[in-house]
Amino acid sequence: MYFDRLEKTIAAIATAPGSSIGIIRISGNMAIPIAEAISGKKDLEAMKVQLISAMGNDGNIIEKCLMLIFRAPKSYTGEDIAEFHVHGSAIQARKFIDIIIKYGAIPALSGEFSFRAVVNGKMNINEAVGLCGLIQAQDETTLAFSRKEAFENRFVSYIKEIFDEWERLFVVSTALLDFPEHISDYLPLKTTLELLEKTNTSLLRVLSNSSLLRNSSKLSIVITGKPNVGKSLLFNMLINKNRAIVSETSGTTRDYITDHLYIKDSAFNITDTAGIRKTENNIEKEGIEKTISLIEIGDLTLLVLDGSIPLDERDYDILSKTADKKRIIVINKKDQGFILSEDFEHCVKISAKTGDGVEDLKNIIEKMLIPLLPDDNLPVFLSSWQNETASRLIERLAELKENLGFGNIDLVSFLIKECYQLLMSLTGKIEKESVYEKIFSGFCIGK
Amino acid sequence: MKDFDVIVIGGGHAGIEAGYASARLGAKTLLVTINIDNIGEMSCNPSIGGQAKGQMVREVDIFGGLMGEAADFAAIQYRTLNRSKGPAVHSTRAQADRSLYKKFMIERLLNTKNLFVKQSEVISLLADSSRITGVVTKEKEEITANAVVITSGTFLKGKIHIGDIFFSGGRLGDQASNSLSESITACGHNMIRLKTGTPVRILGSSIDFSKIEIQPGEENYLPFSINTAGRLMRQMPCFITYTNDKTHDIIRRNLHLSPLYGTNKSISGIGPRYCPSVEDKIVKFSSRDRHQIFLEPTGWDGAEYYPNGISTSLPFSVQKEFISTICGLENCVITRPAYAIEYDAFDPRDLSETLESKKASGLFLAGQVNGSSGYEEAALQGLVAGVNAALKSMPANKPFILKRTESYGGVLINDIITKGIDEPYRMFTSRAEFRLHIRDDNVRERLLEKSFSFSLIGKEIYLREKESVSKKETFVNCLKKTKVFPSKETNDLLFSIDESPLSKQCSAADLLKRPSFTIDKLKYFYDISSASSEVIHKAEIEIRYEDFIKREEENIEKYEKAFSMLIPNDFDFKNAVGLSNEIVEKILRVKPENLAQAAAIPGVTPSAVSILYIALKRAKKI
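These protein sequences, in sequence, are chains G and B.
In this text, residue positions in the first sequence follow the working numbering: the first is 1, and each later residue adds one.
In this text, residue positions in the second sequence follow the working numbering: the first is 448, and each later residue adds one.
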């Protein structure tokens, strides 16, 4: 569908709704004529910011705004582009788009500007995939990884050695068939098997790193403990906001609240829950049930104990309930003097009131969640297309392995070629229409 | 009224097929050759077929061509190459008796209706603006025709080199054709100078066969032609020997005398990399301590042998010296010297897929003059050019074009006319994207219908061959319908023949898809005794490769769909905004007819193809 629209001029609001400035972008043959009509100016100069009075289709001035012109091929898409920076009410921006569409542009599809940039040779497909992640990134981790894929094309260098070996294998398998009298009769079976294994392992590592990255923004920490041990106070302290209501009355928190906990470049979801105790109150009961299920699905539990009083059966109950979970025992109320003597694994003593020990807690949280974070030194696949291609390649590798050693070099070389080509598309060396479509439908509008 | 519908210039492997195909289609055809006695001469190796080439011979054959029949008639030995590498890449090769091969061709051409053979030399073309109207012979005879097919092989300004000696010649013993090139250039074609070479010939009785390895023929072979019924009762063996240190020393010491490496580099033409001279091998692969030589008899009489692997252009005295160091050849007598030959060819990018010139209507070129190498490559081009030249004189016929998805012929023509050539072009299986589909065993399935629709084969043969295809299909269907159940008995049987057990019901065909499963194992599950070995062999390939071919076919479909878009003659590449000048130049050089051809041009990037695609779509709408 992207290809069929290439002769059309596309327009979209490039900024998120509610931003203080709305950027409207038009790309295509009509971009400059439309800009001329809206601004009422002729011979528009490229790369120059101009203040204009924008006219609607009826000739009335609807906005005073900034206008920027880029002429092909010196633009993001490689086509003529006009940009308007309008005042940031969502309605104003949409009105503006309506006017542009009346002049003959069509609303851009998701990722269409970047699609055109690739078609016009402005960037390669792996950069585009990285860029896609960059634009969609909600958290620092994804952002950092996307940036690397977009600007360093990391998978290519990661797979370089293996790719070269495949190239060689492909050449050898071809030569075996084309020059039967001049090449020894067999594929080097051992090195071929080793290469299959190596490729398989490398792909699996990238795939698992990619899935760690996808899940990293969903990693969740659950704060639990009996009522009135200072869970909400700790929650507020950790997120650095006053989100949870704090009071001396036990059972204040009945529903759970979730927010982001930022540690270095990573963002985690952190949830403050209702204290677990026996209660006849139906609402509180429901809250407690919810707490238990949150602990179940959470990646890390912060079990808060009151260090100023002896542990009671409720503490032991929660301790045993969370025994098989990844957890940190947080002994609170350091400021009130400790009487607790029990020793726990992954234990930290803090005062949620003064903030004493909270940094230590953050360090332990980070240490315990690191194995669940993507490895910074490994590339990631950001698009589902890459993930699918890698998975298909893994299937083909297994098929190839199954066929090795039966003297059917015809099939083996066919499979080697298939694997090699899949590897090529993963490194962005083949650009096919279907691949384009899959990648770019994952893009957000306006970029 | 023209004297002829078609004139074919040349009586080599391309000329024969061009003239024969044209005449069979009913066009009044004249074949002009410098020497009738040398029609169908095997100027280099005495064999037909081989890797990818065997498949091409079968393609020529299914289109009613002569090469396969002649090779079967003259065959003295058959081998199936790549036998150990899976049936999808088998290729047939035959050693041939040179004189029988020629005899077959000469007799057939002289006795074909509508075909007239004339011994003369064409010295120029007759043209009327951008249209070819006939030829002028050495005797100053002007003969008019609607179409002219040039199949000049190595004869255009042929120059033979033996060491520092060189002289004019189209082949050792035949005169060159020294003036026709100018006429072709005058039509607007660009001349390129190529070279090739051939080794010495050795007197059979002077070879000591007792010291060298024998390579016998194979009993179990499939003749090339669908019209060949018999099998050889006996075969002539080939022999294998090797070069050694002494050989290499002599060649190294005398490199300065080579017209390729010497101080006086008199050969400027470009030679084929895959068929290097022995001096090339020794310079480029200096770490190898020996090189293989096949000694191939050039006839039933065993009078002369062709030593495959040591073509050279070193002086004759050096040839004698180094050959006598080779095991078995110590006391050999050389009957004909090795030589290199330089000749004029023309950039094939000026041709369309019918092999007609884009510069001069009615002019066709085929074979080595297009920069190809090899008898089989020449024959296929000759056939395509001959058919299309004949069609020029017939009312409203669609052109005869081979697709690269269905034949090696298509790959060959498509490659040379789009990519051009930078060395003599030889076919390899790897040049075909769809190798599992275009095989040695399924030429009927691929091309029978096309051949019949162009009247290249008669109805009788068509029906006979169709029948053979359906026999195989029936057998395949039976295997697919035969169910095998995962009973204890079955699984015990599978265990006893080293096969993993079944967990669910499958067909006999499914079992055959296992890489480890052989026809011998199949016998336990299905009675194959009623089917012929040919049917079994073909069915096995079809079943075993079915899934892979399906995958390949999916690619074929995608390929054809995306790339079949035509580029109009008057298409203005300025419309393709974003194409660099460099790429536009490359495209303009070839003038591709469709997007696939444009994509195949070296240096045309995938993004450029996308841009072109868009521009074409846009142009269509206007």
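Careful, some of the hints might be misleading.
To be verified - In silico lysine-lysine, DSS-like type, Cα no more than 25 Å apart, as pairs: (1) K960/B with K417/G; (2) K960/B with K401/G; (3) K102/G with K64/G.
I should point out that these hints are in silico values taken from the structure, not numbers from a laboratory.
Violated constraints from the hint list, given by number and in increasing order
When the structure is compared with the hints, none of them turns out to be violated.
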